[in-house]
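2 protein chains.
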Amino acid sequence: MFRDRQMSSSATSRVAVIGLGSMGYGMATSLRRAGFEVTGCDVTADAVARFVADGGKGAKSPAEAARDADIVVSVVVNAAQTEAILFGKDGVAETLAKDAVFISSATMDPDIARRLAKQLEATGRHYLDAPISGGAQRAAQGELTILASGGAAAFAKARPALDAMAAKLYELGDAAGQGAAFKMINQLLAGVHIAAASEAIAFAAKQGLDIRKVYEVITASAGNSWMFENRMPHVLDGDYAPRSAVEIFVKDLGIIQDMARNARFPVPVSAAALQMFLMTAAAGMGRDDDASVARMYAQVTGTKLPGDK
Amino acid sequence: MFRDRQMSSSATSRVAVIGLGSMGYGMATSLRRAGFEVTGCDVTADAVARFVADGGKGAKSPAEAARDADIVVSVVVNAAQTEAILFGKDGVAETLAKDAVFISSATMDPDIARRLAKQLEATGRHYLDAPISGGAQRAAQGELTILASGGAAAFAKARPALDAMAAKLYELGDAAGQGAAFKMINQLLAGVHIAAASEAIAFAAKQGLDIRKVYEVITASAGNSWMFENRMPHVLDGDYAPRSAVEIFVKDLGIIQDMARNARFPVPVSAAALQMFLMTAAAGMGRDDDASVARMYAQVTGTKLPGDK
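First to last, the protein sequences are chains A and B.
All residue numbers for the first sequence refer to the numbering used here, where the first residue is 276 and numbers rise by one.
All residue numbers for the second sequence refer to the numbering used here, where the first residue is 276 and numbers rise by one.
Since the hints were derived computationally from the structure, they do not count as laboratory data.
Worth double-checking, as some hints may not be accurate.
If several chains are the same, the list does not tell them apart, and a pair holds so long as it fits within one copy or across any two.
With a Cα cut of at most 16 Å, we get these calculated EDC-like pairs of lysine to aspartate or glutamate [stated by the list, open to error]:
#1 Lys579 - Asp514
#2 Lys481 - Asp384
#3 Lys393 - Asp374
#4 Lys373 - Asp514
Work out the full structure: start from the sequences and follow the hints.
Structure representation (structure tokens):
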């Protein structure tokens, strides 16, 4: 089901990385470390300049970055940005070689992933649906988890780059959309767990419990989740500098609602969780760390949490 | 914060265990193994007969079991049963020695735990608020987690029995109610996580994903929870024989709603989860395994899960 990372056998391939944010920069760095010739591109000129100063190559547009590339790795936030990179003005579809592969890592509705793949494949290029998870540090170490699906040719073309970026590569199906669907199931759970952790820890504080003891007890008990364990230290420290922002789950739980409504499948638990992220964004914390949902509960209810003035 | 189990230094103490269900029977067995003289009592005569056949002593009522006991361990489902065992007809308060300790393990509203403690302490006995977690197997092995709070005298009296029953003993405060409050926070999270896991896996099945692959991916990803990992195998196997029943979370998330409403603290995520347990109970699965929430989602939406005819 997954492959250990291995040295690439096509270390001279040329890769374009579109999007040099915290994830994309680390992925581009991992690709360079594995021996690829990497051209970076970003809407922020500073990010490109930094990448060039580190020894990479820079490009002014996706089209320019993709010229002569065998592999394009797209590391942007959503479906709209992915579509613009592919088919917008100065998009990669203008220049990308026939038989090259476009690796899309944005989290999106599986239906849109299928549509983008179909549209690109009609032009003779390959599309790999490959959402990522693992955070900036693991991106920089080449130790992401990648949830990939696509045709055999797309996998074959992409594999050396995937091996350079991922510690775990799940191969989840032979068409675009499957990777996206697995990622959305993960995001449903992750979002609910952050909202539940926030509800629980703020309610515990309201009852006068020592929330450091709550953290100790819960992480050793059946109520634990990966997100409780990972995010609640931000609440204990009163530190809401964004590692991952509230707006990410406004987006991802929103996609879940759209998918579920289209499928006539009720998802009331994740619908409630989405409202809590929305309420947190509405209170002005959309760009803060997603553990800010706990701060929103505390503010609404007049409950004191660490870091309050 | 917690003590490793150690051999009791008062191995000749007499303990009454009220409630010989799957948890109580195991706890009574662990106490006997540690050298206590244990008298068991249960509303089901068969359970008492089995305990006597195993070498324990039996009693016909809580009052009879508690006569001459130094420690009473109450292992029943809720606050109402606990109150009946304490103060009802043939309750332990009729016979229990002055200075003995009553260890209450039922999950209940902290306000009720405080009231019962106050009422018993007024008669010269000690009350230890000591909810448990860990399941039947760990009960039988003397490896429960116990979330305890109470006065110093209650802890001193109870400690040999706690050491015999628990692998982890959390000492969470010097008055009844704190243990109950920590347990309720755990139950809030546990209940939401079961409902979210059920929503996610049924939605994944609806999208045509291989739910065994979903299990493999999620348990290695940020969407994981203790409950997802523990309960979803029941869905994969189509096996809803009750390890823990839907009705337990109807009760526990109901207590959360009562506590939160009294505290004027909104808990929308756990409120949504409670509705899913209620819906599952309404569909006739209240006594089935709590992973039946996934079956409810599947039935409502016409989604096929393993084990369906």
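Evaluated hints:
| no. | hint | verdict |
| --- | --- | --- |
| 1 | Lys579 - Asp514 | within (14 Å within a copy, 44 Å between copies) |
| 2 | Lys481 - Asp384 | between (38 Å within a copy, 15 Å between copies) |
| 3 | Lys393 - Asp374 | within (14 Å within a copy, 77 Å between copies) |
| 4 | Lys373 - Asp514 | neither (48 Å within a copy, 50 Å between copies) |
This entry does not satisfy hint 4, going by the numbered hints stated previously; all others are met.
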